[in-house]
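K.L.:
Assemble the whole structure, with the sequences as input and the hints as a guide.
Chains as they are written, first to last, in the numbering used here: chain V, 1 to 308; chain X, 1001 to 1215.
Some hints here could point you the wrong way.
[Stated by the list, open to error] No more than 30 Å apart at the CA atoms, straight line, and that leaves these computed lysine-lysine pairs for DSSO-like: (1) V/K8 / V/K172; (2) X/K1132 / V/K172; (3) X/K1209 / V/K193; (4) V/K138 / V/K172; (5) X/K1201 / V/K192; (6) X/K1132 / V/K192; (7) X/K1209 / V/K192; (8) V/K138 / V/K8; (9) X/K1209 / X/K1132; (10) X/K1132 / X/K1201; (11) V/K193 / X/K1201; (12) V/K193 / X/K1132; (13) V/K192 / V/K172; (14) V/K172 / X/K1209; (15) V/K10 / V/K138.
If you're looking for bench data, these hints aren't it; they were derived computationally from the structure. Being a predicted model, the structure only gives us computed values, none of them experimental.
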Amino acid sequence: MLEQLSYKEKDAFLQHLHTAAVLTYLGVLLLLPLIIAHPLYLMGILFAGILAIYVSGAVEESMPFLVMGIWLALAVMVVNPLLVQNGSTVLLYGPDLPLVGRLRITLEAICYGAAMGMRLLCIIIAFALYNAVVHPDKMTGLFSRFAWKSSLVVSLATRMIPATARDLSSAKEVQQMRGVDFSSGSFRERLKKYSWLLEVLLLSSLEGSTATAEAMQARGFGSGRRSCYNRELARPRDYLCCAGSVLALVLAIYARVKGYADFTFYPELGALAGGSGLVWLGVIMLCLLFPLILGWGCRHWPYLRSRI
Amino acid sequence: MIAVLLFWQLPLVYKNWELLASVILLASLVIFFAGFERSAVSSREVGVIAVMAALAAVLRVPFAPLPGVQPTTFLVIIAGYVFGSRSGFMVGAVAALVSNFFLGQGPWTPFQMLFWGLAGASAGLLGQLLPKAGNTAMLSFSIAWGYLFGWLMNLYFVVFFIKPLAWRAVLLAYAASFPMDTLHALGNACFYLLLGPQLIKVLRRFQEKMTYVEG
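P.N.:
Next up, the structure:
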């Protein structure tokens, strides 16, 4: 489990974008559902997220996220009407419950719960996409510009995890050879057996940290101003993707402020789509899908790939 | 700044609790990391923080069969207690961040970073205030963080997902998480009883070795 990063190289368009560009795109995918609670918009954002995962070839890795997201969304959908009494269309009066009072299930509260569940799902999908397309090294590389000490700690720790996990399993094997059975015994006994492992691991890791520190010292850690080298290119495709995402965000904020993307849940549900609302949705969706369209174009059209 | 924002747009903030909560969350993370950036850290400190974070991260996994029980909180607390608030925060926050590179980043990452970081930072504070804190003090501190971690998580869950905020929701969330939190607290207590004093001694000795100057 800890031997491999959750990132897998798939040669997808989003994986080869500049880190700042792909983070902007992901940030917009994360912020949009927080800004807008309109069900149609949420559906659109969810669609964009899932499509992005699909074209990045990360469906399999993202499945656990999707399943968990759906369960959480359902839970929010069920719990909200039980807790919230607002709304005028009563579907059901429940019995008097201690502590909670009389149950009053309303259509509006269920719909609000469903929208909130979808919002949660959108956010989880955005994170699943992040895991699939951003390599941790690219992330620490970006942050090392302005927070190099923290980035150094993060990248060192990332490097150490697979090694520490291997140390843990070999320490466990050694104990098993000596006749310690980790799967038997009471809770207390098992905890005790694992604690031995923990101690062994701590001692050997601390030794390792001295070696790391000496290696860093030998390479001139802290001996002067730190230079910074970055191999990442900023290509036109990065600017285009950034522009598309930022435009989507700006349009969404504008639509929200002007009330085009509002949806009232309480006390009565509003109309789902009316007037210019759908046009706004279409334009925002186009901006959100723009990086994916570019990716599709780059794969099927060498001329485009060479130009951007 | 937050206070100004509060007064300036009180109705907006009242309607958008989650916005305020996210601002507080991100601002506190930035403040702690900026503190670490500004401090003068030696290569040995960097090495120790990274190693402790990696260890705390790795040990999240083998205990997964025992729900709620993991030595991460315990390790973060003793690291903070011995090496101070700054290192304690970094161990907690980096452990959360880095383990999720392997287990999967999610909306939970910033919360885990902040709360584990706070556990380490507060343990550092405890170490400063009571350098000779006995086993009872440390034990109750570990148990307290077992509950506190869950409570802080609940607080954020309620703020983000239940609207309008209802006291019943708060009550229900806390009641639902109580068994898990109890297991977490019990786990912390067990790890402290089994290993605490010994590991603190090991870390103290290592710290001496780290700062030892021939003279």
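K.L.:
So, for every hint listed, does it hold in this structure?
P.N.:
A quick look at each hint next to the structure:
1. Taking the CA atoms of V/K8 and V/K172, the gap is about 28 Å. The hint holds against a cut of 30 Å.
2. Straight-line distance between C-alpha atoms of X/K1132 and V/K172 comes to about 34 Å, which puts the hinted pair past the 30 Å bound.
3. For the proposed pair X/K1209 and V/K193, the alpha carbon gap of about 29 Å is at most 30 Å, so the pair holds.
4. The suggested pairing of V/K138 with V/K172 is violated, with an alpha-carbon distance near 33 Å, which exceeds 30 Å.
5. Only pairs whose Cα atoms come within 30 Å are accepted, and X/K1201 paired with V/K192 is accepted, the gap being roughly 19 Å.
6. The straight-line distance between the Cα atoms of X/K1132 and V/K192 is roughly 26 Å, inside the 30 Å bound, and the hint therefore holds.
7. Between X/K1209 and V/K192 the CA atoms are separated by roughly 29 Å; this keeps the pair inside 30 Å, and the hint holds.
8. Between the alpha carbons of V/K138 and V/K8 the distance comes to roughly 13 Å, so the proposed pair stays at or under 30 Å and holds.
9. Of the supplied pair hints, the one linking X/K1209 and X/K1132 holds, its CA atoms being roughly 20 Å apart against a limit of 30 Å.
10. Under the criterion of a C-alpha separation no larger than 30 Å, the hint pairing X/K1132 with X/K1201 is consistent with the structure, at around 12 Å.
11. Only pairs whose Cα atoms come within 30 Å are accepted, and V/K193 paired with X/K1201 is accepted, the gap being roughly 20 Å.
12. At most 30 Å may separate the alpha-carbon atoms for a hinted pair to count; V/K193 and X/K1132 meet this at roughly 29 Å.
13. At roughly 13 Å between alpha-carbon atoms, V/K192 and V/K172 fall within 30 Å of each other, so this suggested pair holds.
14. Only pairs whose Cα atoms come within 30 Å are accepted, and V/K172 paired with X/K1209 is accepted, the gap being roughly 28 Å.
15. The straight-line distance between the Cα atoms of V/K10 and V/K138 is roughly 15 Å, inside the 30 Å bound, and the hint therefore holds.
Of the numbered hints given earlier, the model fails hints 2 and 4; all others are met.
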